[in-house]
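Asker: So you can see what is in the structure, the chains are spelled out below.
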Amino acid sequence: MSKKEWPLWEIFIRGQHGLNHRHVGSLHAPDAEMAINHARDVYTRRKEGVSIWVVPSSEITASSPSDKGPLFDPAESKVYRHPTFFDIPDEVGHM
Amino acid sequence: MYAQMIKSEKSNETPEELAAFQARIDRGERIEPKEWMPEGYRKTLIRQIGQHAHSEIVGQLPEGNWVTRAPTLERKAILLAKVQDEAGHGLYLYSACETLGVSRDELFEKLHSGAMKYSSIFNYPTLTWADMGAVGWLVDGAAIMNQVPLQRTSYGPYARAMIRICKEESFHQRQGYSVMMKMAQGTEAQKAMAQDALNRFWYPALMMFGPSDAESVHSEQNMAWKIKINSNDELRQRFVNETVPQAHYLGLTVPDENLKFNEETGNWDFSQPDWTEFFEVLKGNGPCNEERLGARRKAWDDGEWFRDGLSAYAEKSAARRAAVAAE
Ligand SMILES: [Fe+2]
Ligand SMILES: [Fe+2]
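For the record, the sequence lines run as chains B and Z.
Convert by adding 1 to the 1-based position in the first sequence; the result is the number in the working numbering.
Convert by adding 88 to the 1-based position in the second sequence; the result is the number in the working numbering.
Careful, some of the hints might be misleading.
As the list claims (entries may be wrong) - Within a straight-line C-alpha distance of at most 30 Å, the following computed DSSO-like cross-link-like pairs (lysine-lysine) qualify:
#1 B/K48 to Z/K255
#2 Z/K131 to B/K5
#3 Z/K371 to B/K69
#4 Z/K164 to Z/K95
#5 Z/K371 to Z/K314
#6 Z/K404 to Z/K95
#7 B/K5 to Z/K404
#8 B/K48 to Z/K270
#9 Z/K371 to Z/K131
#10 Z/K314 to Z/K131
#11 B/K69 to Z/K98
#12 Z/K270 to B/K5
#13 B/K69 to Z/K122
#14 B/K69 to Z/K314
#15 Z/K98 to Z/K164
#16 Z/K314 to Z/K279
#17 Z/K131 to Z/K95
#18 B/K48 to Z/K164
#19 Z/K255 to Z/K270
#20 Z/K198 to B/K5
#21 Z/K131 to Z/K198
#22 Z/K314 to B/K5
#23 B/K79 to Z/K386
#24 B/K79 to B/K69
#25 Z/K164 to Z/K270
#26 Z/K270 to Z/K198
Unchecked claim - Heads up, incomplete: computed chain Z residues facing chain B, CB under 7 Å, no partners named:
#27 E123
#28 G176
#29 L179
#30 S183
#31 L188
#32 D193
#33 N329
#34 S399
#35 A402
#36 K404
For the record, the hints were derived by calculation from the structure and aren't laboratory data.
No residue lacks a Cβ here, since even glycine has one placed at the ideal position from N, Cα and C.
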């Protein structure tokens, strides 16, 4: 067995319709170029994308699950950030 | 199934911790990689997802056997695409498994040493072209039965892998059934080949769901954790109900004298497969166990110089880039 394991890469694909690159999964590859080749085979066999980004998994910094509260709870009380918070009379028309 | 007879592992956590974890699952929350989970949950998932991944990879072999002998160029291209999808399924699942703290190479090592299993179904030979029809139709069909509910499994990366896989499986089953249709509508000899393929794959396909687990403590725990969604008997019955009319449409006979529609239950009553045979195959005594594992080991060993070569190239070019940057 080969002692050296290929590093892990996170794969992001941009679909046909101009949306953002989206994380689709991860894979092993010896370098960035091979990671793109593999990503082509693993994640775009049915024309799922027009552009691929690959990032070494070790370079991703993630928020910690225990920070969920402090990070995301503050938005909970700010419902006025949504347009539906405001009642606009029908007479005004579409807004 | 692709993962058969998964024993659930014991956990050493406090009852409070376990209860809080169970409550999250009961609320329908997804468990994500970095979150707290009982050791038993983690280990059971490694076994289940790993076995599932191995099945996808080993499952390429019986079909790969016919790629060079497909009857037309189109059938060859389709079969190749199907087999390539299975490689993809294996990779999605190994990635999901790696989030639990085991590396893919470690998993390979365990497959090759026999420490981890793959589905019993892939230890049967594919003797004629009609077997490509029977495998797609029955084997992928049985896999779909199990994989569709697993899209709702509690472990996030596993559920997401299942969603990707399910999107692709329907092509697999339909291409298989289309091979069967062609054979069943062909000459007498071709029809006989189709019947023979069904005869050989029917019971091994039923075995894929595993023996009845109605009273198994493991499956009770795994169901509570939502890493198993339905009982084996339930899925097997569903599979039979769906498959029998499809066989009738082909004009083929399901090889079971006891097969009978039960007006009362609305189910097809059927005979159980030979479970002694199933356990023998699991133990390594099936018709193709040695050949399959041998092919896997050989592919891994023969590819070592190539993997190492790519690693060496990657290291060299990284060093070159670093040197240029330092200038
Ligand atoms: Fe698959
Ligand atoms: Fe498949």
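Asker: Keeping to a limit of 30 Å between CA atoms, is the pair of Z/K314 and Z/K131 held or broken?
Answerer: Roughly 14 Å between the alpha carbons, so the hint for Z/K314 and Z/K131 holds.
Asker: Is the straight-line distance between the alpha-carbon of B/K48 and that of Z/K255 30 Å or less?
Answerer: Between B/K48 and Z/K255 the Cα gap is close to 14 Å, so the pair holds against 30 Å.
Asker: Mind checking the alpha carbons of Z/K131 and Z/K95 for me, to see if they're no more than 30 Å apart?
Answerer: 10 Å, holds
Asker: Quickly compare the C-alpha distance for Z/K371 and Z/K314 to 30 Å and report which way the hint goes.
Answerer: Holds, because 28 Å separates the two Cα atoms, which is no more than 30 Å.
Asker: Taking only the CA atoms, is the gap from Z/K255 to Z/K270 under or equal to 30 Å?
Answerer: Distance of about 25 Å is within 30 Å: holds.
Asker: Taken at face value, is the distance from the CA of Z/K95 to the CA of Z/K404 at most 30 Å?
Answerer: This hinted pair is violated, its Cα atoms lying about 45 Å apart.
Asker: Is the Cα-Cα distance between Z/K371 and Z/K131 30 Å or less?
Answerer: Given that 30 Å is the threshold and the Cα spacing comes to 22 Å, the pair holds.
Asker: Mind checking the alpha carbons of Z/K314 and B/K5 for me, to see if they're no more than 30 Å apart?
Answerer: 35 Å, violated
Asker: Taking only the CA atoms, is the gap from B/K69 to Z/K314 under or equal to 30 Å?
Answerer: 23 Å, holds
Asker: Has the given pair, B/K5 with Z/K404, been kept, meaning a C-alpha gap of at most 30 Å?
Answerer: 15 Å, holds
Asker: Taking only the CA atoms, is the gap from Z/K198 to B/K5 under or equal to 30 Å?
Answerer: 17 Å, holds
Asker: Holds or violated: B/K79 and B/K69, Cα atoms, limit 30 Å.
Answerer: 17 Å, holds
Going down the numbered hints, you'll see the structure goes against 3, 4, 6, 12, 15, 16, 22, 23, 26, 31, 33 and 36, while the others check out.
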